[in-house]
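Enquirer: Sequence:
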Amino acid sequence: MIDPRAVVSPEADIEDDVEIGPFSIIGPGVQIDAGTVIEPHVVIKGPTAIGRDNHIYQFSSIGEDPQDKKYANEVTRLEIGDRNVIREFVTIHRGTVQDRGLTLIGSDNLFMAYAHVAHDCVVGDHVIMANGASIAGHVRLGDHAILGGFTLVHQFTQIGEYSFSAMGSAITQDIPPYVMVGGRPTRPHGINSVGMERNGISAKDIRLIRKAYKILYKNNLKIEDAIEEIEELAGDSDQLSRMVSFLRNVTRGILR
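In this text, residue positions in the sequence shown follow the working numbering: the first is 1, and each later residue adds one.
One thing to keep in mind: the hints can contain errors.
Below, in silico cross-link-like pairs of lysine to aspartate or glutamate (EDC-like), each with a Cα-Cα straight-line distance of 20 Å or less [claimed, not checked]:
(1) K45 - D68
(2) K70 - D99
(3) K211 - E229
(4) K204 - E232
(5) K214 - E224
(6) K214 - E228
(7) K70 - D33
(8) K45 - E74
(9) K211 - D236
(10) K45 - E15
(11) K45 - D33
(12) K69 - E88
(13) K218 - E197
(14) K211 - E228
(15) K45 - E79
(16) K218 - E231
(17) K211 - D225
To be clear, the hints were calculated from the coordinates, so they are not data collected in a lab.
Generate the whole structure from the sequences, applying the supplied hints.
Expert: What follows is the structure, given as structure tokens:
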């Protein structure tokens, strides 16, 4: 399953049914689990662990050193889950010791061509990063989030679950769950009701989320007062409870 023209380190741990195309380079300290396909001209550097049934397309660079001037060749890691699709020219870097020393990618994600995941990022499950979308170091990207083409996310920013950014968004503050953003400059534009409906969130919860959005963005409240009102509204809604938890733990303030 490994093309003879590929270069695979004897210190890599590769399951027997992994496919590796010609001219790909797999370095020492790389683990690749069953069912994963590596197309030609891919470079994977360790320590990197890649799960099951991933598909990594040509010219991607996976597990390279972080682009951080403080990095001094410390041993840091990249971990990638299962069933991810990583398209052409995607770059995903390992962590730094200034954080946890780990970049973490979940499962069932789609990274379109030229997307970039920087050091120490945490990407959840079922995320889509469209062509050219880039997240800087230490970003947290929640489950089912979608970053439109050429979206840029500032370091240490948190992007909530089911959020959506339009093409070319420049995100410098945290985006709460379920919120859509876009424009020049980037501003909130309602909730991602279509994304939530497609993933089985109930009509009742979507109505509550829409009310929460109005409290947060339309009622001219201080953030602390808005959080208290949303918490009262939440009741037994798991979605709103997670939104409240996010708002109580923002790192860069929220985009309003």
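Enquirer: Next step is simple, just say for each hint if it's right about the structure.
Expert: Evaluated hints:
1. Proposed proximity of K45 and D68 is supported: the alpha carbons are some 17 Å apart, at most 20 Å.
2. Taking the CA atoms of K70 and D99, the gap is about 12 Å. The hint holds against a cut of 20 Å.
3. Distance check on the hinted pair: K211 and E229 sit about 10 Å apart at the alpha-carbon level, within 20 Å; holds.
4. With a C-alpha separation of about 16 Å, the suggested pair K204 and E232 falls inside the 20 Å cut-off, and the hint holds.
5. Between K214 and E224 the alpha-carbon distance is near 15 Å, which keeps this suggested pair within the 20 Å criterion.
6. With a CA separation close to 14 Å, the supplied pair K214 and E228 stays within the 20 Å bound.
7. A C-alpha spacing of about 32 Å is found between K70 and D33, which places the hinted pair above 20 Å, so the restraint is violated.
8. Distance restraint check for K45 and E74: the Cα-Cα separation of roughly 14 Å lies within the 20 Å cut-off, and the hinted pair is therefore satisfied.
9. At most 20 Å may separate the alpha-carbon atoms for a hinted pair to count; K211 and D236 meet this at roughly 15 Å.
10. Among the hinted pairs, K45 with E15 is consistent with the structure: their alpha-carbon atoms are about 17 Å apart, no more than 20 Å.
11. At most 20 Å may separate the alpha-carbon atoms for a hinted pair to count; K45 and D33 meet this at roughly 15 Å.
12. Pair hint K69 plus E88 does not hold up; C-alpha atoms about 26 Å apart against a cutoff of 20 Å.
13. With a CA separation close to 23 Å, the supplied pair K218 and E197 exceeds the 20 Å bound.
14. With a C-alpha separation of about 13 Å, the suggested pairing of K211 with E228 holds against the 20 Å cut-off.
15. Restraint check for K45 and E79: the C-alpha separation of about 12 Å stays at or below 20 Å, so the hint holds.
16. Our distance criterion of 20 Å between C-alpha atoms is met by K218 and E231, whose separation comes to about 17 Å.
17. A distance of roughly 15 Å separates the Cα atoms of K211 and D225; the hinted pair therefore holds under the 20 Å criterion.
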